[in-house]
Structure formats: structure tokens, C-alpha cells
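2 protein chains.
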Amino acid sequence: MVSDESHEYNVKVDWTHGRVGKFTVENKPEIEVATPPEFGGPEGIISPEDLFVGAATSCLMTTFVTFTGKMRFDFKSFTCEGVGTLEKVEKGFQFTKLLLKASVIVESEDLVPKAERALELAGKYCLVSNSMKCPTEHENHVEVG
Amino acid sequence: MVSDESHEYNVKVDWTHGRVGKFTVENKPEIEVATPPEFGGPEGIISPEDLFVGAATSCLMTTFVTFTGKMRFDFKSFTCEGVGTLEKVEKGFQFTKLLLKASVIVESEDLVPKAERALELAGKYCLVSNSMKCPTEHENHVEVG
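One line per chain: the protein sequences are H and S, in this order.
Residue 53 in our numbering sits at position 69 of the first sequence; the count goes up by one each step and never skips.
Residue 43 in our numbering sits at position 59 of the second sequence; the count goes up by one each step and never skips.
Incorrect hints may appear among the rest.
One copy or two, either will do: identical chains are not told apart, so a pair holds if it fits within one copy or between any two.
Capping the alpha-carbon separation at 25 Å, the derived lysine to any residue pairs in SDA-like fashion look like this [unchecked claim]:
(1) 72 <-> -8
(2) 6 <-> 27
(3) 12 <-> 0
(4) -4 <-> 117
(5) 81 <-> -11
(6) 98 <-> 125
(7) 60 <-> 104
(8) 12 <-> 23
(9) 85 <-> 4
(10) 6 <-> 21
Keep in mind the hints are simulated off the structure, nothing from the lab.
Could you build all of it, start to finish, from the sequences and the hints given here?
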């Protein structure tokens, strides 16, 4: 990789009705999006807030997988819960905290420190949470199973 | 709304195979997520980067709809293209720029300045882009149709 490498991500959002729209990325499945119920939107539809927290949570996963590849070890499962906190600041609402709780299962005891290290590196290099203003807290858990 | 109001958003990401996982929010449709092709992932699957840009783009829509309600006017269509630029910084990659190009169609000439004002306010109060480190540029277009 060279230092002037850059990538562009293009998306589109079209309003459909009420507080609902569709989020599309070329050649990828469409996602219905809406204002969440606490701000007057309907139940059961992914909100921009969900996407924001989901972006960081899924980026931790993809970054972890990348590091397990670089470190040449396998894992049995990875799951991560993301919790984003929205609070009122001077200029309306803003995300003020992000908590990522990752759990990894590996096959043997010797892989535990490797998985812990890969989780730590994933947290450090997660490009999505690094692009957010709010601090990110991590709770990592690795076990043999 | 009181100044100590806060909201929490809970999501979950489970790795499934390779560089792919599923992103879930309780009682909402599941979204498959993966590392994008430029970082070694498969084609055709929503990436964390797409979710990040989509979060800001969809938040502009929901915030615009909220302001049209407060300002009591109707619009015929709203569409927004979001472009996020990822660049190498000291600590790996980071989003360094976000461009939101919004287009609104209204029924009559007198609604044009209202729609322009609602777009401006939506940009200012878009809580997702306000939670991101990178600057957001806006290109707003309103026409009668």
C-alpha cells in the first residue's frame, strides 16, 4: 500500500414516504431506512443511528478477520455487540460514546493470546470508529470452545 | 425535549465465514456485511464503509423530513447521493471527506426557498455527520417539478 492510496464510497438515499426511504449502493441489496420511533418514525426499520453503530461494529469484525489472516491463525466464532449513546450537546444530538463488546471462540488455549492481540489491533485500526468523534470503549472476551 | 435526554442504539454483528458477517438490530431486517473488494472481500455485499456513508446520507434525509414538518410544507421528492473519501492518515485509513448532494423537487416556486432552508438546517443538525470527524460538504439543489 502506498501512502497516497484512497478509496471512494458512493451511496444513494431516496425518500419514499413519511419518514422512510431506501438506501442503495450499486449492485448491492437495498436497505429500507427510517427515522427511529423515538424521533417520530415507524417501528421495525433500520435507522441512520443503527447504521452508524453498525458501521463501527462491522468494521471491528472485518478488521479482526484481517488481523487473524496476517497473524495466520483460525478462530471458531466472532460476535460483537455495539452500543452507541446519543446525547444532547450544544448543536442538537450527537453520539458521545461507543461501546464494542467482542467475543471470540478459539479451538485451543495457545490461540487465546493471539486472538486477544488481534482484537486489540482491530480496535486500534478500525477505520470506522477512528473516523468518529466519540471515544470507543472495548470489552474483549476470548475463550476456548 | 430536555437537555439530559439520551438514546441508546444496540446492534450485533456475527461473523459467518471468510470476510462476511451478519449485522442485526432486534426486530429489524438482517443485513449481510463484508470487507469491500478493495480490501480483499467479496463483491456485492454491503461494507462497513458503505454503512458509514449511508448513515450520514440517510440521516440527512430523516432530518430534512423533520424540518419540512416543523416548517409545514410538502415536497414531491428527495434524493441524496453520499460520497465518502477514505485516505491514509498516520493511524491507517480514515474517512477524510464526506460530500452530500441532495436534490429536492417541490410543487411550486414559493416552496423553493423553504426547501432550500430545510436542506440547510438538515445539514446543520444532521446528528450522524455531526458525530463524524471529517468535514461534510453539501451540494443542495431544489427545483419545481
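Which numbered hints does this structure break?
none
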